[in-house]
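> Protein chains in written order, with our numbering: chain A, 1 to 330; chain H, 1 to 330; chain V, 1 to 330; chain X, 1 to 330.
Keep in mind that the hints were calculated from the coordinates and are not lab data.
Note that the coordinates shown come from a computational prediction; the quantities given were computed from them, not determined experimentally.
Ideal Cβ positions, reconstructed from N, Cα and C, are used throughout, including at glycine.
Heads up, a few of these hints could be off.
Here are the simulated SDA-like cross-link-like pairs (lysine to any residue), alpha carbons at most 25 angstroms apart as the crow flies [what the hints assert, rightly or not]:
hint, chain 1, residue 1, chain 2, residue 2
1, H, 169, V, 219
2, A, 232, X, 170
3, X, 247, X, 214
4, X, 188, A, 170
5, V, 231, V, 171
6, X, 169, X, 290
7, A, 169, X, 235
8, A, 153, X, 219
9, V, 268, V, 136
10, V, 131, H, 154
11, H, 169, H, 256
12, X, 261, X, 226
13, A, 62, A, 236
14, H, 79, A, 115
15, A, 231, X, 201
16, V, 134, H, 220
17, X, 329, X, 310
18, H, 232, V, 136
19, X, 232, A, 115
20, H, 232, V, 171
21, A, 188, A, 155
22, H, 200, H, 236
23, H, 62, H, 169
24, V, 79, V, 116
25, A, 200, X, 134
26, V, 232, V, 8
27, V, 169, H, 227
28, A, 200, X, 169
Covered stretches of chain A (in silico footprint by chain H; criterion: 3 or more residues with CB under 8 angstroms from a CB of chain H, positions within the stretch not fixed) [claimed, not checked]:
hint, segment
29, 29-41
30, 114-122
There are 4 protein chains.
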Amino acid sequence: MKSKPLLFPQARHYDIIPMGRIGIDLNANEINRPMEETETFTKYVGGSPANIAIGMARLSKKVGFIGRVSDDQFGRFAKNYFNNEGIDISNIIVDNEGSSMGLAFTEIKSPTESSILMYRDNVADLKIDPKDVKEDYISNAKSLLISGTALSKSPSREACFVAMEYAEKHNTVIIFDIDYRPYSWNSKEEVAVYYSMAAKMSDIIIGSREEFELMEALIDPENTSDEVTAKKWFNHNAKIVVIKHGKEGSVGYTSDGSIFKVKPFPVKLLKSFGGGDAYASAFLYGLMEGWSVEKSLEFGSASAAMLVASHSCSEAMPTVKEVEDFMNKR
Amino acid sequence: MKSKPLLFPQARHYDIIPMGRIGIDLNANEINRPMEETETFTKYVGGSPANIAIGMARLSKKVGFIGRVSDDQFGRFAKNYFNNEGIDISNIIVDNEGSSMGLAFTEIKSPTESSILMYRDNVADLKIDPKDVKEDYISNAKSLLISGTALSKSPSREACFVAMEYAEKHNTVIIFDIDYRPYSWNSKEEVAVYYSMAAKMSDIIIGSREEFELMEALIDPENTSDEVTAKKWFNHNAKIVVIKHGKEGSVGYTSDGSIFKVKPFPVKLLKSFGGGDAYASAFLYGLMEGWSVEKSLEFGSASAAMLVASHSCSEAMPTVKEVEDFMNKR
Amino acid sequence: MKSKPLLFPQARHYDIIPMGRIGIDLNANEINRPMEETETFTKYVGGSPANIAIGMARLSKKVGFIGRVSDDQFGRFAKNYFNNEGIDISNIIVDNEGSSMGLAFTEIKSPTESSILMYRDNVADLKIDPKDVKEDYISNAKSLLISGTALSKSPSREACFVAMEYAEKHNTVIIFDIDYRPYSWNSKEEVAVYYSMAAKMSDIIIGSREEFELMEALIDPENTSDEVTAKKWFNHNAKIVVIKHGKEGSVGYTSDGSIFKVKPFPVKLLKSFGGGDAYASAFLYGLMEGWSVEKSLEFGSASAAMLVASHSCSEAMPTVKEVEDFMNKR
Amino acid sequence: MKSKPLLFPQARHYDIIPMGRIGIDLNANEINRPMEETETFTKYVGGSPANIAIGMARLSKKVGFIGRVSDDQFGRFAKNYFNNEGIDISNIIVDNEGSSMGLAFTEIKSPTESSILMYRDNVADLKIDPKDVKEDYISNAKSLLISGTALSKSPSREACFVAMEYAEKHNTVIIFDIDYRPYSWNSKEEVAVYYSMAAKMSDIIIGSREEFELMEALIDPENTSDEVTAKKWFNHNAKIVVIKHGKEGSVGYTSDGSIFKVKPFPVKLLKSFGGGDAYASAFLYGLMEGWSVEKSLEFGSASAAMLVASHSCSEAMPTVKEVEDFMNKR
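All chains should be built: construct the whole structure from the sequences, respecting the hints.
Here is the structure:
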């Protein structure tokens, strides 16, 4: 174990700077039917790291963001929305080379059957350029969150690694949210290569069991043990590894050898997606407040339960009081 | 004048086969504001030749279509919609190489100020392949309508020229609806080259004054006279040339030397787009019914007026009776 | 027959402006073996329309050229070579976007077995842009020669059609040398579409039987008759159609109904390629001198025989006196 | 210093497996003039890791190779050449998707002024795919050499990282020859990111001062000290860092704190390139023989001197005896 304990450098302006996808969700209003029969859609800001940014802002953290948006009505909507939430938009570049905001049309066939129709050709979020990444922005943040999908294409991939190099240089905590989306990756080998590289540099790694196995496909393809997985990354820079098992709940490992398990809150589902970003936001909030890993995981789990019962993945992000109220009612 | 009079070959199954764009319109429900503030959108089938197909079907013509749709919920919605309208969908190919339906988000800031936010990367409609075009489908139609935007990219461009070669061989009337959209063309020279090629082969050419000038930019860049324009194309294969002048109305020229002018119907605008496809459908309906060019143009103008007063460009296409009622009320 | 007789407009500066490929041939010095065993290569200017330009210049015609070369040693070599041959290089653009000269490494396994290893990615010659084509250059020429390969890709394809539009407008004789090369075309349908378009606008069409069949694949796929072929193009703008049958010789058809056949000169082959460009040059020279079609074809055939007995396709192009001496020795 | 001493695992079949570029050099025969005036070229196998493979084979080492060649005469020539040199070609894939061998036409204007005209579009060597990399090939080698240019493009980039993951897993010594070529990289940031990643995983790093500065451009942009550079990489996995200073000679640093300087051998230059690959081969040969770093660097320097005095970069690679004879004559 070469890892040192996790420390958020305190005297910095931003609590967290997520980096990566910011897009538009268009959620079906007429639900419990196939999308062919949907008549109207409601527009929200979406994208995993954007949702986490909004989640953290609702939890009253100081939030920045590194990303690109399109030079059109949807791009302006997203920036305005962030600005209204109190998120710093100084490092969100307006792309002037004709890219578009990614779109996610969500289809909710039933509480457990959903699918997403993606528009991801020529998307602004994957145009983040290494030159967009400012060293002093990152040196002024307690943590940097890299969303795995941002590693799937150049130049966004290189921009993320540049950001991580700066974070490493300035002891900014690196959080890697694996967030695997099969579209846009060319091969399983590519996934394994770049996920491993990011994981080696990260202090906190969050993902599902399946995502960790994709990441280890080259170096340890047979492994199915969470403990083996956690130790592997503790041998690099990780201090906390969180592995999610869907309905079974999730497990947090820390580099001092502790293990924490948490079960999902029982809740009436509206849809089967959107919980993960609420989970990450609330969990990271807890860590930043100095809570124990266990308490932080519980808080994350509660927030996730609230999200899967609501129509959006961003607009519905709860405040601290709302999560606490929800937990108290149980 | 080498042109022969316009004759629709009678003993054929299809009255018209439009070829080209079929997409999804997402029209803002909260109108008279910028799209940044739109909250919900309603989904319609859209795209100029698709609108014309629907328009002709509502006017009880037998309609086919040559095009490509995506292999997803939106592609299936479009095919189902056509099928329900009685349009033959046997020559609409489902693209299996990951393309998407084009999207048009419409913003209605005021009755005279509109804009459209397009998603046209990797669109299914521009993937129509020369191999998709069946000679016997075209030889079994009275007319083929080529939408100019379908000429903007390969392989759709070549597919259109293949269709026109077959139409020429079998005396299927070729209708060229210039339908210029600046996105997706590489240069003004390219526009002029391919528009000219299509126009040389066409029997009926419909476009705005600006569109005709784009088409003649290489061979006659100074010309601003409708009459000179019409004569130029009568020297090739054209029998009818319709030139639109917006609020000033439009002019129809025939190769026998006649000229017909028609004014727009006064109407309370909801939006400033969507009229052109209704105009084309109703005008062509008239010609096919054997009406005079003049009466056909009037009928087209009436249908156009009905469309700009309604929320969609396809769903609102009127029946013959509805157009007649509208005209009688004036 | 709507065709008028072929007339080269006399009071013009240039006899001919070929348009299209200009590249580098690297011919194996150690011949009669596979290229794997070749040790050294000799460098020549190559490419069908470039060879024809050199051929016409050697025959003391005034020659221009429309094309693009790379901004490197090979591009400069080609321009210098043309300049030294007396060919006007004012319309040869130096491409500044990183393209390369096409390369053709020739392998001569035996006098009848040859192959060519092509380097044609990102080639300068297919970057000719519509904007490179100057109307007054073409209006100042008696003839424009379009090489079919230049139609295989944008923007060169559109540039050729722009040049043909200008030629049509100014009565510059259009010569279409089909020159089919399978690489770089996407489909047989594409070949048929663009070859047909070019042929419809041309006064003189030269190609092999196979090339004419590729061109007619859509409109008349069953036809194998030279006479039917010739008549088809006489119905458009053609005045002379030359169809080549390899060792069987070639046939020239004229729109007044005459037919001329010519046999190849017997000669000791060094290689099995390079004859066609010499043939075209010398044949066109004859026509421009006012010779009969028959005499012109003979002259072409003699020049072709001289080329296949020599090491290069450009450097070996003969003068009028050399062709005459060669013919007199038979 | 966390580094352990450098150890080549002994019981393995291959001494070294270079990975990356294999191409064709076409060297001007008529030298001391601009290439415009060159008439003939001689063909050799080329490309930095290919040259090193040949160099090591001439020094009687067991050599493998991971790469791709074109499916044509040049690809076959290269494989045959390797095979004749005794290099294992079982992991050289013949690319069947139409790529070409890279070409390097060398221009030797004077002994100190050279330039290279590259053909690198769609090259076979950058098509090495992660799936081409076999774990048991690498586990059966004492060392893997990664050539920096192979990191410049996908999928070759990912294939290299996969190879390095396998090498790390099996304790195969990783040698990183920075070999920076400005063409084919998109930005300085990209260079810095991927060079750093490769260097962090490497046991031996060889490059010029300029190359090390490109690599450190993000993390330590001001540094100009060789010692600071060497220490930085010793903090990761490096055991030996060799920094070249052109005519000033080169310096070898070892992780135990030793420093060795070596001067170039004085020699009559024929050309100003080709020395680096000979240097690397002979230096690595010495290390594998168990020689001191100092003696190995001298041996490398001698071999480099021999190469810059000869016409090719591969064919002229010396045997051990030839290097020794050369050194003894001084």
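> Compare the structure with each hint and give your call.
Consistency of the hints with the structure:
1. H:169 with V:219: holds, 7 angstroms
2. A:232 with X:170: holds, 16 angstroms
3. X:247 with X:214: It holds: about 20 angstroms lies between the C-alpha atoms, which stays within 25 angstroms.
4. X:188 with A:170: holds, 21 angstroms
5. V:231 with V:171: With Cα atoms ~22 angstroms apart, residue 231 of chain V and residue 171 of chain V stay inside 25 angstroms; holds.
6. X:169 with X:290: Status holds; Cα separation ~24 angstroms.
7. A:169 with X:235: holds, 14 angstroms
8. A:153 with X:219: This hinted pair holds, its Cα atoms lying about 23 angstroms apart.
9. V:268 with V:136: Between residue 268 of chain V and residue 136 of chain V the Cα gap is close to 44 angstroms, so the pair fails against 25 angstroms, i.e. violated.
10. V:131 with H:154: The hint holds at about 20 angstroms.
11. H:169 with H:256: Holds. Residue 169 of chain H to residue 256 of chain H sits at ~24 angstroms (cutoff 25 angstroms).
12. X:261 with X:226: Holds - the C-alpha atoms of residue 226 of chain X and residue 261 of chain X are around 12 angstroms apart, at most 25 angstroms.
13. A:62 with A:236: violated, 29 angstroms
14. H:79 with A:115: At roughly 20 angstroms apart (the allowed maximum being 25 angstroms), residue 115 of chain A and residue 79 of chain H satisfy the hint.
15. A:231 with X:201: holds, 20 angstroms
16. V:134 with H:220: Distance ~15 angstroms between residue 134 of chain V and residue 220 of chain H Cα, so the pair holds.
17. X:329 with X:310: The given pair, whose Cα atoms are some 17 angstroms apart, holds under the 25 angstroms limit.
18. H:232 with V:136: Distance of about 22 angstroms is within 25 angstroms: holds.
19. X:232 with A:115: violated, 48 angstroms
20. H:232 with V:171: Roughly 17 angstroms between the alpha carbons, so the hint for residue 232 of chain H and residue 171 of chain V holds.
21. A:188 with A:155: Status holds; Cα separation ~19 angstroms.
22. H:200 with H:236: holds, 5 angstroms
23. H:62 with H:169: holds, 22 angstroms
24. V:79 with V:116: Judged against 25 angstroms, a Cα distance of about 23 angstroms means the pair holds.
25. A:200 with X:134: holds, 23 angstroms
26. V:232 with V:8: Cα-Cα ~23 angstroms, so holds.
27. V:169 with H:227: holds, 19 angstroms
28. A:200 with X:169: holds, 15 angstroms
29. 29-41: Coverage by chain H holds for the segment 29-41 of chain A (8 residues, Cβ < 8 angstroms).
30. 114-122: holds (count 4)
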